[in-house]
Amino acid sequence: MMQEGLDDGPDFLSEEDRGVSFFFPFLISVLSLSSYCVLCMCVSTLPNFKQNEFSVVRQHEEFIWLHDSFVENEEYAGYIIPPAPPKPDFDASREKLQKLGEGEGSMTKEEFTKMKQELEAEYLAIFKKTVAMHEVFLCRVAAHPVLRKDLNFHVFLEYNQDLSVRGKNKKEKLEDFFKNVVKSADGVLVAGVKDVDDFFEHEKTFLLEYHNRVKDASAKSDRMIRSHKSAADDINRIASTLYTLGTQDSTDLCKFFLKVSELFEKTRKIEARVAADEDLKLADLLKYYLRESQAAKDLLYRRGRALVDYENANKALDKARAKNKDVLQAETTQQVCCQKFEKISESAKQELIDFKTRRVAAFRKNLVELAELELKHAKGNLQLLHSCLGVLKGDT
Amino acid sequence: ISSSSNGPKAEPMLLDHDPDDLFAEATEEVSLDSPERQMILSDGPSPAITPVTINPRADVFDLSFVSHENRDTFDIQISVSDPEKVGDGMNAYMAYKVTTKTSLSIFSRDEVCVKRRFSDFLGLHSKLASKYMHIGYIVPPAPEKSIVGQRLGRRSSAVTELDPDAKACLCCRYLLRTVKQPALLKDPDVLQFLESSELPRAVSTQALSGAGILRMVNKAADAVNKMTIKMNESDAWFEEKQQQFENLDVQLRKLHASVESLVFHRKELSVNTASFAKSAAMLGNSEDHTALSRALSQLAEVEEKIDQLHQDQACADFYLISELLGDYVRLITAVKGVFDQRMKTWAKCQDAQVMLQRKREAEAKLQHANKPDKLQQAKDEIREWEGKVQQGERDFEQISKNIRREVGRFEKDRVKDFRVVIIKYLESLVHTQQQLIKYWEAFLPEAKAIA
Numbered sequence: 001m002m003q004e005g006l007d008d009g010p011d012f013l014s015e016e017d018r019g020v021s022f023f024f025p026f027l028i029s030v031l032s033l034s035s036y037c038v039l040c041m042c043v044s045t046l047p048n049f050k051q052n053e054f055s056v057v058r059q060h061e062e063f064i065w066l067h068d069s070f071v072e073n074e075e076y077a078g079y080i081i082p083p084a085p086p087k088p089d090f091d092a093s094r095e096k097l098q099k100l101g102e103g104e105g106s107m108t109k110e111e112f113t114k115m116k117q118e119l120e121a122e123y124l125a126i127f128k129k130t131v132a133m134h135e136v137f138l139c140r141v142a143a144h145p146v147l148r149k150d151l152n153f154h155v156f157l158e159y160n161q162d163l164s165v166r167g168k169n170k171k172e173k174l175e176d177f178f179k180n181v182v183k184s185a186d187g188v189l190v191a192g193v194k195d196v197d198d199f200f201e202h203e204k205t206f207l208l209e210y211h212n213r214v215k216d217a218s219a220k221s222d223r224m225i226r227s228h229k230s231a232a233d234d235i236n237r238i239a240s241t242l243y244t245l246g247t248q249d250s251t252d253l254c255k256f257f258l259k260v261s262e263l264f265e266k267t268r269k270i271e272a273r274v275a276a277d278e279d280l281k282l283a284d285l286l287k288y289y290l291r292e293s294q295a296a297k298d299l300l301y302r303r304g305r306a307l308v309d310y311e312n313a314n315k316a317l318d319k320a321r322a323k324n325k326d327v328l329q330a331e332t333t334q335q336v337c338c339q340k341f342e343k344i345s346e347s348a349k350q351e352l353i354d355f356k357t358r359r360v361a362a363f364r365k366n367l368v369e370l371a372e373l374e375l376k377h378a379k380g381n382l383q384l385l386h387s388c389l390g391v392l393k394g395d396t
Numbered sequence: 001i002s003s004s005s006n007g008p009k010a011e012p013m014l015l016d017h018d019p020d021d022l023f024a025e026a027t028e029e030v031s032l033d034s035p036e037r038q039m040i041l042s043d044g045p046s047p048a049i050t051p052v053t054i055n056p057r058a059d060v061f062d063l064s065f066v067s068h069e070n071r072d073t074f075d076i077q078i079s080v081s082d083p084e085k086v087g088d089g090m091n092a093y094m095a096y097k098v099t100t101k102t103s104l105s106i107f108s109r110d111e112v113c114v115k116r117r118f119s120d121f122l123g124l125h126s127k128l129a130s131k132y133m134h135i136g137y138i139v140p141p142a143p144e145k146s147i148v149g150q151r152l153g154r155r156s157s158a159v160t161e162l163d164p165d166a167k168a169c170l171c172c173r174y175l176l177r178t179v180k181q182p183a184l185l186k187d188p189d190v191l192q193f194l195e196s197s198e199l200p201r202a203v204s205t206q207a208l209s210g211a212g213i214l215r216m217v218n219k220a221a222d223a224v225n226k227m228t229i230k231m232n233e234s235d236a237w238f239e240e241k242q243q244q245f246e247n248l249d250v251q252l253r254k255l256h257a258s259v260e261s262l263v264f265h266r267k268e269l270s271v272n273t274a275s276f277a278k279s280a281a282m283l284g285n286s287e288d289h290t291a292l293s294r295a296l297s298q299l300a301e302v303e304e305k306i307d308q309l310h311q312d313q314a315c316a317d318f319y320l321i322s323e324l325l326g327d328y329v330r331l332i333t334a335v336k337g338v339f340d341q342r343m344k345t346w347a348k349c350q351d352a353q354v355m356l357q358r359k360r361e362a363e364a365k366l367q368h369a370n371k372p373d374k375l376q377q378a379k380d381e382i383r384e385w386e387g388k389v390q391q392g393e394r395d396f397e398q399i400s401k402n403i404r405r406e407v408g409r410f411e412k413d414r415v416k417d418f419r420v421v422i423i424k425y426l427e428s429l430v431h432t433q434q435q436l437i438k439y440w441e442a443f444l445p446e447a448k449a450i451a
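Line order of the protein sequences matches chains H and E. Using the UniProt record's numbering, the letters of the first sequence map in sequence onto residues 1 to 396. Using the UniProt record's numbering, the letters of the second sequence map in sequence onto residues 1 to 451.
Everything labelled a hint here was simulated from the structure, so no lab data went into it. Where a beta carbon is used, it is the ideal one built from N, C-alpha and C, also for glycine. Zero decoy hints are in this set.
Distance windows between CB atoms, simulated:
| no. | chain 1 | residue 1 | chain 2 | residue 2 | range |
| --- | --- | --- | --- | --- | --- |
| 1 | H | GLY390 | E | ASP110 | 36 to 42 Å |
| 2 | E | ALA449 | H | ARG273 | 24 to 30 Å |
| 3 | H | GLU102 | E | ARG201 | 48 to 54 Å |
| 4 | E | PRO445 | H | ARG273 | 20 to 26 Å |
Isolated chain E, as found in the complex (with noise of 0.2 Å):
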């Protein structure tokens, strides 16, 4: 049973100074099946679903939560764990469940333990991206039901389904990120998900799915595209930042992509290395002078011990690194969406001018052809599109107002998050170099014993 929780009280305990703590608890967070040496590596014909074994390490992935507005601890933890099968055959699904602990007042209880399923966590998503996305509130992307990766050298995208455990982990995720928002932390739609017993089913999941957002983003994207006036852009701050980002998610796809590569050589090494070492064993077997026979035996062991180092460092590389980045290609996604709504909010308005003018301009005509009830029903009309232009000018305001507030806390957990993991990467390391340091010490003596 793998859990994966993530709050404040977790973080000393992860920062504390014993590496070995970090090892060991791979091998207790066993994933349902168990086999650790379990290769991510699809061998199928596209699109190949493969049940992909990954170790969750969700433990080793801390999001702290300090407000930075008002400089003090969110005191909230949540953790996603036990998936549990409901049900038979056709009907049955996958159900997850998510303990919440905190203090605030918003929530009714100090602790309140809840069951949802996955299509629940994108509904709640769905909800929260149509209420909060078109004012400019960067909304955390939903968890993704299987990973399109490009395994490499091979033309086509391998679709893996993930496994319940880190599904666990991602929805954990998710949730962590999403309550980090104070907007949304107060939503209603996020203390129901959190708190009510019982949720009504979030209906055709299909268009809720994380690719079903996605659409949705690109579509406002495409419109935005569609557009034959270019926008005025007063404002050098969002052509800056829109550039920035655009440079950030070329990077981070590359970065990811090479992280991927790693993960995948740094489990071929480890087979490879694991295969060496029984072959050592085998010529340590055949050698006929006892002493180098011993220490053939010895290099085995060590080299096996080496790719059981190799396995974890790749474990590390994948859930600490390429998880990250992952999580904030996705994200720079919505940051992308967020500056689109902007520029549909500026495309409505402008939409609502040039529909005044044309009232205006048919009013002035009817001034001539002296039709009095046309008229009055063109003062109607021009009065309610003046309204019209307002809201949408007010709309604009608003929204480049709250993206600015949102670029701002959003670049604020970049860099908290970027900083955290990568020196708990490098921890990773530094444990793994000691190991090896420890093995090859261990060795040193019995090749030189060899007389």
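Only chain H is shown next, with the shape it has when bound in the complex (with noise of 0.2 Å):
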């Protein structure tokens, strides 16, 4: 498949949006280059690329520069937005790296070897995760029968220079911010309208109240997942000292201490495999569809915006009707507004709908592979304890 090896890749969305059927013309595969930059290899069998198979470099800012066209695109309007890639966040890997390197003169050297290589690893993971994100981000728009005809979409595959893409300075970023603050602002009283069809009066409620527990949820995960991390961790220690002891002690204990220090090594990898594995298909679903649940809130934003605004128009044709001035112009923004909030309305439902298929969809995907794996692992665990007490207590 498309992941270079990577089986701890974010495979929370469906078959269907990964651009994996042969249905779809693309196939999009992100490796990683450096911190900085991935690698964008690209084949398709649409007509209007010059070549069947093409890669370009790409860095972060440029998929968000892809994904704030689409936003700002009004034609997308009327459709859910896949969110943008998080932006590489190696803060709390390379804090820990540094403790560690603080902290070298209190343990011993394979203590010290041993925990950085696991450091090093969770560096890795963090890093193939978030090259993994960036894929999904893709082959979302890939899949997406509108988005992928894109202009912007195909320039970013294609084109095999630099997009020239510069993060948002200063100016424009508090320009961000305060586009944002009209944004929620707007975002209420456009909530506060209430709709007459009930599928979206329903959607609206529904996403709302779904989103926060989403965030809820994603935190609690995430604060669960780092408690099974610390825990491994002191096993780590714990079999460690059980080895040095092992190594010193001149009674009989000492073979004991070595097998038990053994079986804490192993066991200890099992259980730091359990927290990545209910990292990878709880907590990242979890965020990934917190991400996809705003993206849908913001999508339900825009309808109400339109809706407003198309109540609005309204009220101007009657009064211009009254007074009987601008009536065809006041005409001519009712038809562009009412057009607008139905070419809205029709999509917008449809791509709620799909959200919710592909939730459902993801959830059960990501459901499913994590009670395998936990049985994996539970069953891997249980194993090799019995084999220890085998053999620990055959020695008595």
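Dock the two chains into a complex; use the hints.
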């Protein structure tokens, strides 16, 4: 498949979303080159590309540019814009690595090397995950019947020079900030308007609550997984100390300690793996749907905005007719608003239905995989424990 | 009402093959403050005294009694239970019921029940320490009233007062270790403690507390350190053993700290899992797809069961491993104390020899000065000091012999204790994994059923 040997990619999208099926004309693969750039490889059967296979180097800012261009495009107002990939964040890992360096004096050489390897593996895992998130974004775009035709998207994939997309400067960031403030205030106003359409009214209520609860669940799952990782780290230290005890003990216990140390080494790896899998299948799933539900909320906001505009245009038309002034202009405006609103409503309905389908499929896939992995690890753990107990009891 | 009981008769029950028993008992043995989810976290500034709700799992902790000298089992069971508040106000104290069941002839009855308070235990220990430590017997350290723990990430050490059930647990283990010592078992103070209904009150418990004894031991160590004459160690065995115990001490303390950290994180994991379970349930409620909603609720239930599992495992971590390590860290202090006593004995012997030498020199001087009555006195003093030197040498030999024997016994017990406890601990881990498998196997079809 697309992801290069990535068995811990964020596969929380259903099959349909990933452009895996050969009905879709894109096959996209994203690989990392460094912390800053990713390599996007694309295979396409569409005729309007110069070649069938092409690859380009892109930076994170360029993904954001692409995402923002979708958001700002009026034509796409009626679609759920796939959420932008998260910014690469290695702060936590870097901090841990630094703390390890500081604590080097207080542990044995073996311990230090072990912990260092652990942290490096963690760093690598986060790295791979971030890269995979970027891929998911592009695949979502590729899977969308309308967005995949977007010109910017094609440029993004094909243009093998630097897109010269700079990150937003201070002024633009400030503008964004104010835009967001206005938008949230407006959002509240818009949300207050009761919708005649039951479907959308229901979706509004549903999404609001759902989004908040996903946010909560995401935060709680993160905390839970962190504790799990800490416990695994403790077991690591215990294993090391037991090893030292084993090597220096003068009684029969030395063999005993060494065997138990070996056991804990192995179970610790499994525990760490459990935490990592929970992170992947549960935490990442929740995080993704936090972003997607926000995107869905944004869609509803845009529709709500269009509705308000439409209603205002109606009122203006009535007023114009009453005064018999600028009637034609008012009529045109009203027509435009009406069309816009209806267009958005139509596609929005389908988008929201698709969102539900995607969501259900993703949750199903991930919950099943989560349960299967938990079982696999528990069974593995159990086997190790049984065999160790067998040896230890046999020794007496 | 909790009971901490041990003894060979209890053994078969504990090593039975029904893993469920281990945890079924956990719910019965609820401490006086019931909610088991209370965390052992002290948030206050140092030193903070916070009541700790630890579920005492003494029944899980088994010390067997095989005497390696005569190869027969001491038939004695001791339990410390039913902590009861006696008296009011300032004079109120906790009384514990100490039950001894035995067929040994040195006891006057098969079964005897007495009431003892915490300071009685300290009093017993102080008597035993003063009688036996200086001749090289390893006297089990007194139970601690409170634990001083270094909470992770906090500079301060919080002093946590143990609750009565945890204290009962400690006292029981203390008595068991004491009677395991053949010499101490025969000691009249021990017999009196276990049998007589009235016990003279131990005076000034401050001095008798674990900390007090520790001070006494440390004073001996200081005296040793101040010795200007370095002990001429003729016996490599002692040097080797001292080094070994030093190393063991370091590693056990390290291990103890790591295990305490594990207990902390597991309790944290349990709390966070419970919190996530609630959140998942809420998410399931708002999910409008019926099958997914049900699956999410099931997930919430699974996570709730798992959080209880983590809680139980943390208890096992604590009661099996952490307490054992704590006990041994304290025991090794007692062992080191005994080695120091030997050095003190040697120093005394040396001092006597120096004194004898001086007296002889004094006598030689008096020989020339021709003072007959002073000469007689000098000769008497010489005889006196010759006697002291001989006594000193005998004492030194005796303590060395005792220590060798004691250390041998200690090591054998250590091997046994660690073996038994670690195997039990691994069995608790097995149980946890089996439960996990059960829960996830129940959940999997629900997840697959999402249409």
